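Q: Listed in order, the protein sequences are those of chains F and Y. Just so you know, we're using UniProt numbering here: the first sequence kicks off at 1 and counts up by one. Just so you know, we're using UniProt numbering here: the second sequence kicks off at 1 and counts up by one.
Hints were generated in silico from the structure; no laboratory data involved. Note that the structure is predicted; figures quoted are calculated from it, not measured. Glycine included, C-beta positions come from ideal geometry on N, C-alpha and C. Careful: at least some of the hints might be erroneous.
Unchecked claim - Computed, partial: chain Y to chain F, Cβ under 8 angstroms:
hint	residue
1	Y217
2	A221
3	R222
Unchecked claim - No farther apart than 20 angstroms at their CA atoms in a straight line, the calculated lysine to aspartate or glutamate pairs in the DMTMM-like style are these:
hint	chain 1	residue 1	chain 2	residue 2
4	F	K137	F	E127
5	Y	K281	Y	D32
6	F	K328	F	D240
7	F	K86	F	E68
8	Y	K234	Y	D313
9	Y	K234	F	E325
10	F	K59	Y	D129
11	Y	K123	F	E81
12	Y	K59	Y	D47
13	Y	K234	F	E322
14	F	K59	F	E41
15	F	K310	F	D297
16	F	K203	F	E31
17	Y	K234	F	E150
18	F	K59	Y	D216
19	F	K59	Y	D211
20	F	K125	F	D98
21	F	K125	F	E150
22	F	K273	F	E68
23	F	K78	F	E68
24	F	K10	F	E66
25	F	K310	F	E325
26	Y	K234	F	D111
27	Y	K123	Y	D211
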Amino acid sequence: MAMLEVNDLKTHFKTQDGTVKAVDGVSFSLEPGETLGIVGESGSGKSVTALSLMQLNPKPPVEYPEGEILFEGQDLLKASESRMQKIRGNDIAMIFQDPMTSLNPVFTVGDQITEAIRIHQQVSKGEAKKRAVQVLKDVGIANPERRVDEYPHQYSGGMRQRAMIAMGLSCNPKVLIADEPTTALDVTIQAQILELMVDLQEKYGTAIVMITHDLGVVAQLADKVMVMYAGRAVEQGPTDDVFYDPMMPYTWSLLRSIPRLDTAGEVRLLPIKGTPPSLIFLPEGCNFNPRCPFVKDECHRIDPALEGKKPGHAAACILSPEELENKKHRVDEELGVEG
Amino acid sequence: MLAYVVRRTIFSALILLLASAVIFYIVSLAGDPLTYLRQNPRVSPEDLARFTALYGLDKPLWQQYFIWITDFLTGDMGRSFSQNTSVNSIVAPRVWPTVLLMGSSLLITILIAIPFGVYSALKKYSALDNAGTFLSFVGFSMPTFWLGLILQLVLGVYLTSWAGVRIFYTSGMRTDGGFVDVLQHLALPAIALSVISVAQFSRFQRAAMLDVLSSDYLRTARAKGLPQRSVYLKHALRNALMPTVTLLAIEMGLIFGGAVVTETVFAWPGLGFLLIDSLYKNDYNVARALLLIAAALIIFFNLVADVAYSFVDPRVSYD
Numbered sequence: 001m002a003m004l005e006v007n008d009l010k011t012h013f014k015t016q017d018g019t020v021k022a023v024d025g026v027s028f029s030l031e032p033g034e035t036l037g038i039v040g041e042s043g044s045g046k047s048v049t050a051l052s053l054m055q056l057n058p059k060p061p062v063e064y065p066e067g068e069i070l071f072e073g074q075d076l077l078k079a080s081e082s083r084m085q086k087i088r089g090n091d092i093a094m095i096f097q098d099p100m101t102s103l104n105p106v107f108t109v110g111d112q113i114t115e116a117i118r119i120h121q122q123v124s125k126g127e128a129k130k131r132a133v134q135v136l137k138d139v140g141i142a143n144p145e146r147r148v149d150e151y152p153h154q155y156s157g158g159m160r161q162r163a164m165i166a167m168g169l170s171c172n173p174k175v176l177i178a179d180e181p182t183t184a185l186d187v188t189i190q191a192q193i194l195e196l197m198v199d200l201q202e203k204y205g206t207a208i209v210m211i212t213h214d215l216g217v218v219a220q221l222a223d224k225v226m227v228m229y230a231g232r233a234v235e236q237g238p239t240d241d242v243f244y245d246p247m248m249p250y251t252w253s254l255l256r257s258i259p260r261l262d263t264a265g266e267v268r269l270l271p272i273k274g275t276p277p278s279l280i281f282l283p284e285g286c287n288f289n290p291r292c293p294f295v296k297d298e299c300h301r302i303d304p305a306l307e308g309k310k311p312g313h314a315a316a317c318i319l320s321p322e323e324l325e326n327k328k329h330r331v332d333e334e335l336g337v338e339g
Numbered sequence: 001m002l003a004y005v006v007r008r009t010i011f012s013a014l015i016l017l018l019a020s021a022v023i024f025y026i027v028s029l030a031g032d033p034l035t036y037l038r039q040n041p042r043v044s045p046e047d048l049a050r051f052t053a054l055y056g057l058d059k060p061l062w063q064q065y066f067i068w069i070t071d072f073l074t075g076d077m078g079r080s081f082s083q084n085t086s087v088n089s090i091v092a093p094r095v096w097p098t099v100l101l102m103g104s105s106l107l108i109t110i111l112i113a114i115p116f117g118v119y120s121a122l123k124k125y126s127a128l129d130n131a132g133t134f135l136s137f138v139g140f141s142m143p144t145f146w147l148g149l150i151l152q153l154v155l156g157v158y159l160t161s162w163a164g165v166r167i168f169y170t171s172g173m174r175t176d177g178g179f180v181d182v183l184q185h186l187a188l189p190a191i192a193l194s195v196i197s198v199a200q201f202s203r204f205q206r207a208a209m210l211d212v213l214s215s216d217y218l219r220t221a222r223a224k225g226l227p228q229r230s231v232y233l234k235h236a237l238r239n240a241l242m243p244t245v246t247l248l249a250i251e252m253g254l255i256f257g258g259a260v261v262t263e264t265v266f267a268w269p270g271l272g273f274l275l276i277d278s279l280y281k282n283d284y285n286v287a288r289a290l291l292l293i294a295a296a297l298i299i300f301f302n303l304v305a306d307v308a309y310s311f312v313d314p315r316v317s318y319d
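So that you can see chain Y by itself, here it is in the shape it has in the complex (with noise of 0.2 angstroms):
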């Protein structure tokens, strides 16, 4: 199992290489990330030529690569175009909003989903069932950034009306808000998010119990005598949560790196907000550290979901 891991973990590192290279040239494919300088009269080419060398953009491509990478592993993201500081300090203040919007998101997915794809699945064609099936469907197919701005015009503005004092606010967060604040401001976008992750993981929940309950092994444990009860939640849930155990973990790779599009609707200062207004600024370091995070990020919840697996299912050991 250890040898497993540091297996994984070195070819992880790997491919986060390789990752690097590839999301450097890319974002530098994008042009002159002094272009907004060129463009203000006030600089002189003699500020835009100490600027080239500050930033090491007349070095070679392949050595600014370099430079960029080893400050990188030790910890330091670069220098952001845009703002006169460090993309570290840029960066930082961005992560707790992101991990909070997207933690709630989780949590209500998990808190919802896991239970109503199992009670769809036991009761398999009800009313309650079907609903769910036309639900999701609907929440699957329903744009995200759709979805914000009717949440911002129901939610936000006609309730607010309608009820004369604010409950929702329809974008941004204080960082020095109070709890009940903070909770005003993260309820919409949370809410967003949720609704696709909802429809998405009940639907997969609800296949993985269904295939269980078909399956030989709750019929031998019916036959054992057990009451209805203990076959539904220890002998087919456990296995049925198996699947969505692993597709859980991979989801949090791919979330925690920001969700662009919600975080734009609702300006919710986190990293996803941050890597698009990065790309409209050309401030190309943050907006490679962001992607370079997030592929970090996938590549670990990858082998978390791999080493979770080992711990839920006794068929898979990595010896």
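Chain F extracted, bound-state conformation (with noise of 0.2 angstroms):
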């Protein structure tokens, strides 16, 4: 049995306009050590997803109507609230998209990252301390003793990043779930960012979830990816195989939006036309299709259920994949990409 296995998940928001399904049915899988790329739009359900993991959604108007979350065999969805706590931190970290207003402004970043270490364990302030300026060390601040006593203002955007990082790591997680832990930074502390979560992986064994839009960061990082739309994971699979051979229009348009730097000047991009759907009003039939570039008559009826279209490769689109090919390609040959 996989370390983390979601279960058709479901996470509705009752409002008074009517049920948002944030998320409508999504299930993975993660191993020890290894990490999962979650993509989509702003709204898609990614960041939703997350908080479901940690159980951390408002409740009300949060409803968790189906699904099971195992983690090591026990369904968090059916968790007490004090043995989420138990968990929260422990076993499952998260860190947060804006470093900017994550860390408590009042508080110093060590008093913030002891605190988290002494919930979970029991050891003196002393300790706690040492390995709070252990941590610091390790996620590449300088002058962790100093440091550890400074309050996060003192700190820059990226070293915030840092701290928000090290304290998700100072009980050893088994889980790490960082929700778009880029999006706030500027390029090249977005890569070292990157690269020191991946050096923290391997050196602690963490399973990671990455929510991000940036596909680079999936590419760069994650061994398997699932892309959402309008809170259901439209297409699902390795890495590799989701980015070379995309099986649902979805992924592949939104593939096919962003440049590249090796066909920059040559190549046209190709917009996503219109917005992701509404929550509570949705298409019929398949969500995408009043934004799909391939869409036929049938997709207006059918709303296709995410389906095996290759080994551990799924999709949901009615499309097969020999018709998906030839579309692909012809709109490709307009473009102008090559092969």
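Take the two lone chains and join them into the complex the hints point to.
A: Right, here's the structure in full:
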């Protein structure tokens, strides 16, 4: 059995306008040391999925009508709040998108890290502080002995994200959920942070769930990918398979909508027209049909389920692989993409 | 930090000096301070001339100001026009009642408004929160003088005749009374004053807490595995109290100048009542002294608020 196994997770928000199916039947699994990338646009349900794993969605309005989140065999959806408190930070840790606002401004970075350590482990204050200095050193903060007593505002953005990672790793969690950890940082710092996460993963064997809308980050880090659209997984598989042979027009469109360094200037970009659908009023048939470049009549009637297209590679699309290949090829020729 | 405080103090002194000139001038515009003597047929023109000279009213206004402000700086607030005594001796006994009244009202406010505001934020839109919203609205819109009169009527008059014993007094306060006597006099004006500030501060505290509750760092605190209690009481409260502390410090400057309306309604022997009284009697030197003291307190507590902020919020420093 996988260390973390999510089966048909549904996270719904009850609102006055109706039920928002923020996550609507998502399944994946994670082994120790593995990295899963969750990709999607804003509002596709990535972050809600992550917060569901931690049981940190506000209840109410959030409900979990179906599904299970099995962590080492235990269903977290059924776990008590006190049990979850033991798991959070200790077994499953999370780092957040915006390091500028995710640290409490009135406590020192050291206080915030030692707090995490002392919740989960019976150690003295002095011992916890030593550990805090050590993790700050691990994440590459210079002068950790001095920096540990500083406040978040005395850190730069990149350092704060390092401090967040240090806090996340301070109890050696088995799973680290990183919710867009580099989005708020500039590109050079992004690369450093990603490299740091890979190093730490190798050192501690942590499994990582990397949530991002940056396909480059996923390509660089993830062993496998889950692409989300309107609360559902629309394509899932090993990273290379998904990137080199996307089986869902949405994934393919995403890849065609970002510039590539090697073909810059030669290849036109293909924007995905329109906006993601409202999660309350989803379109008839396939959720992606209003924006799909390959849409055909059946797409307005049939809501495709995620199905295996190749071993280990699943996509939610009614087009057969051959049909899809032909259509991709035709558009690629227009755009000027070779091969 | 010290440099900042010194700089601010010097600056404050200049502002206060400016305020003193404005206060002096504006009060002098109100007319002739010796009107009541002129109206008295038994006061002869010679006496009037003697008084005019005694108070320096024969000198040009700017000279009067300089005499007044230099005396003030040496601790002499001048002479009263209406009583044959120094302003110091009129003001001094009024300080304690005002401090007592305002202090109790402030204490009631802090003890009720802050916990209630925090609770309302934590239980947003619960029955108690909605009741709080409604009552704050009522309390906030109620004029103090009206509330004062109603309290006097209900808790003073009706309650006394119903119970057959006097529980609350409706006006005044004896300085030589015992503790219980003081409390009996203090209760109504303190309640009247507190209603509005509790309404105001509980709303304020609620908003501050709500603001903090939706912050990213609380989610971080939860994600660490902290129990809900410490998330709220440690991580949230510390941040949510910062704006309140500042506002309270500023408020202190405003209120120790005296609550004019409340003190008047309850004939409370404090500074606010004295101010109204002195204005009725054209006793300008008393009015000027009280206004300048109020200005000084406001400026001082603003400085205190700024300095206090640097202690509660590590992001603020004045180096």
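Q: CA of K59(F) to CA of D129(Y), is that 20 angstroms or under?
A: holds (19 angstroms)
Q: Verify the proposed pairing of K59(F) with D211(Y), using a straight-line Cα cut of 20 angstroms.
A: holds (19 angstroms)
Q: Between K234(Y) and E150(F), is the straight-line Cα distance small enough, at 20 angstroms or below?
A: Holds, at roughly 18 angstroms.
Q: Is the interface hint satisfied for Y217(Y)? The criterion is a beta-carbon contact with chain F at less than 8 angstroms.
A: With Cβ-Cβ at 4 angstroms, under 8 angstroms, it holds.
Q: Does E150(F) sit within 20 angstroms of K125(F), going by the straight-line distance between their CA atoms?
A: holds (17 angstroms)
Q: Would you check the hint for K281(Y) and D32(Y), treating anything up to 20 angstroms between C-alpha atoms as holding?
A: Holds, because 11 angstroms separates the two Cα atoms, which is no more than 20 angstroms.
Q: Please work out if K123(Y) and D211(Y) have their alpha carbons no farther apart than 20 angstroms.
A: holds (14 angstroms)
Q: Just to be careful, I want the Cα atoms of K234(Y) and D313(Y) compared with a cutoff of 20 angstroms; is the pair within it?
A: holds (14 angstroms)
Q: Does K123(Y) pair with E81(F) here, judged by a C-alpha cut-off of 20 angstroms?
A: holds (19 angstroms)
Q: Against the 20 angstroms threshold, does the CA-CA distance of K234(Y) and E325(F) hold or violate the hint?
A: Distance of about 57 angstroms is beyond 20 angstroms: violated.
Q: For the pair supplied as a hint, K86(F) and E68(F), confirm whether the alpha-carbon distance does not exceed 20 angstroms.
A: holds (19 angstroms)
Q: With a cut-off of 20 angstroms on the C-alpha distance, tell me whether K310(F) and D297(F) pass.
A: Not satisfied, since the Cα-Cα distance of roughly 25 angstroms exceeds 20 angstroms.
The structure does not agree with the numbered hints 9, 13, 14, 15, 20, 22 stated previously, though it agrees with the rest.
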